[in-house]
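There are 2 protein chains.
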Amino acid sequence: SRKRQFSDEELKDLLISGNKTALGRGITLVESNQSSHQQRAEKLIESCLPYAHKSIRIGITGVPGVGKSTFIEAFGSLLVKLGKKVAVLAVDPSSSVSHGSIMGDKTRMENLVTEENAFIRPSPSGDSLGGVARKTRESIILCEAAGFDVILIETVGVGQSETTVHSMTDFFLLLKLAGAGDELQGIKRGIIEMADAIVINKADGDNLKAAREARLEFNRALHLYPPKASTWQPKVSLCSALDNTGISEVWEMINEYKKLTKKNEFFEKNRHEQNKFWLLQTINEHLKQRFYQDPQIKKALKDQLTAIENNETTPFAAAKLLLNLHNEL
Amino acid sequence: SRKRQFSDEELKDLLISGNKTALGRGITLVESNQSSHQQRAEKLIESCLPYAHKSIRIGITGVPGVGKSTFIEAFGSLLVKLGKKVAVLAVDPSSSVSHGSIMGDKTRMENLVTEENAFIRPSPSGDSLGGVARKTRESIILCEAAGFDVILIETVGVGQSETTVHSMTDFFLLLKLAGAGDELQGIKRGIIEMADAIVINKADGDNLKAAREARLEFNRALHLYPPKASTWQPKVSLCSALDNTGISEVWEMINEYKKLTKKNEFFEKNRHEQNKFWLLQTINEHLKQRFYQDPQIKKALKDQLTAIENNETTPFAAAKLLLNLHNEL
Chain A
1 SRKRQFSDEE LKDLLISGNK TALGRGITLV ESNQSSHQQR AEKLIESCLP
51 YAHKSIRIGI TGVPGVGKST FIEAFGSLLV KLGKKVAVLA VDPSSSVSHG
101 SIMGDKTRME NLVTEENAFI RPSPSGDSLG GVARKTRESI ILCEAAGFDV
151 ILIETVGVGQ SETTVHSMTD FFLLLKLAGA GDELQGIKRG IIEMADAIVI
201 NKADGDNLKA AREARLEFNR ALHLYPPKAS TWQPKVSLCS ALDNTGISEV
251 WEMINEYKKL TKKNEFFEKN RHEQNKFWLL QTINEHLKQR FYQDPQIKKA
301 LKDQLTAIEN NETTPFAAAK LLLNLHNEL
Chain B
1 SRKRQFSDEE LKDLLISGNK TALGRGITLV ESNQSSHQQR AEKLIESCLP
51 YAHKSIRIGI TGVPGVGKST FIEAFGSLLV KLGKKVAVLA VDPSSSVSHG
101 SIMGDKTRME NLVTEENAFI RPSPSGDSLG GVARKTRESI ILCEAAGFDV
151 ILIETVGVGQ SETTVHSMTD FFLLLKLAGA GDELQGIKRG IIEMADAIVI
201 NKADGDNLKA AREARLEFNR ALHLYPPKAS TWQPKVSLCS ALDNTGISEV
251 WEMINEYKKL TKKNEFFEKN RHEQNKFWLL QTINEHLKQR FYQDPQIKKA
301 LKDQLTAIEN NETTPFAAAK LLLNLHNEL
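Top to bottom, those sequences are chains A and B. If you use the numbering used here, the first sequence corresponds to residues 1 to 329, in order. If you use the numbering used here, the second sequence corresponds to residues 1 to 329, in order.
Treat the hints as calculated values from the structure; they're not laboratory data. Treat the hints with care, since some could be wrong.
No copy labels: a pair is met if it fits in one copy or bridges any two.
To be verified - Computed cross-link-like contacts, SDA-like style, restricted to lysine to any residue with a CA-CA straight-line distance of at most 20 angstroms: (1) K320 with S35; (2) K288 with N327; (3) K209 with V158; (4) K298 with N284.
Keep in mind it's a predicted model, so treat the numbers as computed, not measured.
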């Protein structure tokens, strides 16, 4: 049976009414690199904007093996039970190489995927982090317009993708294991600093004692950082996605955060700052692309690099020459 | 008595002959924001280029109070005794505010400043970090052309200035105190990762025991990082600028580093990478400046930010609109 075709108007109306098929089709348009699809996606997003922005966006990260999928399965199922509509997106710029290391296999969340009020979408693939980020940001808008009020954005604890997810979410949750010994990594890469919560997963059975010790340690580490602009003091908690313990406490914590930051207006201010960040980021990336992809600049850049190596010019003089050339083109 | 005026040709010849007055005047041209001075500076640098690049450039950083000046005084005096010509420059973008917190007072190196073969220059002030960085990079070229074969570049352990100095030096030395308890800061801000040597200063008298313990700790911390591209294993050593102990060991270490990285060609490769970094960095900064300083863009940017806040457009659609506007201007 062939897929039913929707007109753009139908797609929008169905999407706003909460139809998951329409939402999926909309995201497919957003993710497409075809220019006709991109134009349709832009119009769709624009018409969805008045219906969006009513959600809480939660970033979830952690190294492979920490149990992100089982946590999201347990957490998402709880939210659905509480009457929420939950969308799960992912940011994984490596997914084109690894064939979708994150949620490529939806069966990893086999209960959540069957829920009427849950929508799970793997990371767009075959793209740079910047491309994935744009597509995910726009998909968030579509999910919100479709009435999803909790958006979970999962990313793997590698490279710059955590910073990217942090800059598109309201609350940032770091999943950890007790005794994994990667605390230094988290500090070094600035992940601990971004976290609003550190949740120690697999705190069950024989792990429980170590998890409690880890909680003390992370609490100590968190107190070494200056207070956050949100005035929120990041918290450390324990959970077991397996035993389904500590999961509702995470949701309570997020509600506490939302209450605080709605009251002190950080919540809205942060979203505006994020919008500004993405606007400037997108402009800067395009300015660079336009410059460096020009064939004459490419050639001249190569020549100038050689001249620098031969001590015939300096990087600053070479930059001036290339910028003047670009102006004349 | 009025200052003697040099023609540009005289200035160049005197500078290359090693005249410190000429070198000082040359750097003043480099630091000037007057466009006639900048043109003369560019010509001077270009004519100096064939005589430059024979030095070793050493970055020295550490928090205020660690004893940077006394270390440089002791280290520089040793190098002069060994027959070296030593230039000391500084990168301190805050110097316009703090009225020259680094070396504003040359008497802090009262012995070194009287040496014929030493040249000390405070940080250019009243400028962004980018501006200070360019001026310092160009001053290095003039110092090298004047025959200075060891260039020490001091920076204060604050903000991005350490990364900037790291990207213009061959060897990066981090000065520390025992028991200062700021190890986490160094890891968090990536400073430990950049260091080729950690030198624990004030390792004298009652401090000696704590300094030895700190050496063990830093050695442990360093081993947690992946091997460097230089293949150099960063070292931790003790010194006392006061007792003049451990100072010659630092110079031996740097010579060891130079020997290794000249042999495996990292030394030259790293300088080429740095040149490329500064070329691209300068271009990117100018592209942004040109865009954001355009009055029509300024106005349109403000309007688009308002439209985003009112949920009438997205950051990506706004970026596209602004980029198209810029193209038409």
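Intra- versus inter-subunit Cα pairing at 20 angstroms for K320 with S35: between (35 angstroms within a copy, 14 angstroms between copies)
Intra- versus inter-subunit Cα pairing at 20 angstroms for K288 with N327: both (14 angstroms within a copy, 14 angstroms between copies)
Intra- versus inter-copy proximity for V158 and K209 (alpha-carbon distance at most 20 angstroms): Intra 28 angstroms, inter 39 angstroms, cutoff 20 angstroms: neither.
Status of N284 relative to K298 across identical chains (alpha carbons, at most 20 angstroms): both (18 angstroms within a copy, 15 angstroms between copies)
When held up to the earlier numbered hints, the structure conflicts with hint 3 and nothing else.
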